[in-house]
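Trainee: Counted the way the UniProt record's numbering counts, the sequence shown spans residues 1 to 259.
It should be emphasised that the hints constitute simulated quantities derived from the structure, not laboratory data. Please note: incorrect hints may appear among the correct ones.
Said to hold, decoys possible - Straight-line Cα separation of at most 20 Å, EDC-like style, residue types lysine to aspartate or glutamate; simulated pairs: (1) Lys88 to Glu59; (2) Lys24 to Glu103; (3) Lys18 to Glu59; (4) Lys18 to Glu34.
As the list claims (entries may be wrong) - Label-pair restraints from in silico Cβ distances: (5) Glu68 to Gly235: 32 to 42 Å; (6) Lys24 to Tyr243: 24 to 34 Å; (7) Gly69 to Cys121: 37 to 47 Å; (8) Lys18 to Ile64: 42 to 52 Å; (9) Asn238 to Met117: 18 to 28 Å; (10) Arg136 to Leu227: 17 to 27 Å.
For every residue, glycine included, the Cβ atom is placed at its ideal position computed from N, Cα and C.
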Amino acid sequence: MESGSRFYSADEFKLDAKWLIDPKHLFVGPRIGEGAHAKVYEGKYRNQTVAIKILHKGETPEEITKREGRFAREVAMLSRVQHKNLVKFIGACKEPVMVIVTELLLGGTLRKYLLNMRPRCLDMRIAIGFALDIARAMECLHSHGIIHRDLKPENLLLTADHKTVKLADFGLAREESLTEMMTAETGTYRWMAPELYSTVTLRQGEKKHYNHKVDAYSFAIVLWELLHNKLPFEGMSNLQAAYAAAFKLTFWDVLLFRM
């Protein structure tokens, strides 16, 4: 990456100086993933193979501010919490582009792993092992007062031997004490708790208030997927699934109705 980049101080960046990386030592290789807010590449940092997440900066001032906030939030969460079932954080920099560097997990996403198995289901022992890995990751976050808000198979990564699951993507994570400040624009509808996006009971300008139980809801959906290897709310679009859940037709009601 370009040399002569300006680094943010630890205080300004809200990050211990030991986590600030020098972009001159980053080598960006092939792209391995892409989402609405970022692209992920395989690469090298000081001869270590890593995953390099480059966040889109945005075009309008409002969009830039929002994405910088998302970046700062994700970096703050990753640097605060370490656990064997959370993707290992290596460092970050904000200039010349917003970059987050983590360990590279070669087993791919849980979503891809399950898709490759269909229509077969996971062995029950493997499914339970994965579920325990996910539960341990969530317990660690919740014990630190952090809500992930975007638990889904795309954000669950496998080690190369496909024996361990690690939780990634903290872009939507928030401190539980700050949930009264949150908006409803979070996560992916198919795995989201209704209180994250339902606006039925909100007055104009009112903010959402919720707690770590929204992650428990998402975990239940992922657990069902691990056991049945089917897409939740199969046959519905994401918006249809959200509509059903928001108006009190739960995932479990839908399953019973479709049987």
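Trainee: Look at each hint and say if it fits the structure.
Mentor: Outcome of the hint check:
Proximity of lysine 88 to glutamate 59 is assessed by CA-CA distance (about 30 Å); at most 20 Å being required, the pair is judged violated. For a cut-off of 20 Å, the pair hint linking lysine 24 to glutamate 103 stands: about 18 Å separates their Cα positions. A C-alpha spacing of about 31 Å is found between lysine 18 and glutamate 59, which places the hinted pair above 20 Å, so the restraint is violated. Taking the CA atoms of lysine 18 and glutamate 34, the gap is about 28 Å. The hint is violated against a cut of 20 Å.
Distance hint check: the CB atoms of glutamate 68 and glycine 235 are about 39 Å apart, consistent with the given range 32 to 42 Å. For lysine 24 and tyrosine 243, the Cβ-Cβ distance of about 49 Å falls outside the hinted range of 24 to 34 Å, so the restraint is violated. Range check, glycine 69 to cysteine 121: Cβ separation about 40 Å, and the 37 to 47 Å hint holds. Judged by the Cβ atoms, the range 42 to 52 Å given for lysine 18 and isoleucine 64 is violated: they are separated by roughly 27 Å.
Under the hint 18 to 28 Å, the C-beta atoms of asparagine 238 and methionine 117, about 23 Å apart, fit the expected range. Checking the proposed 17 to 27 Å range against arginine 136 and leucine 227 shows it holds: the Cβ atoms sit about 18 Å from each other.
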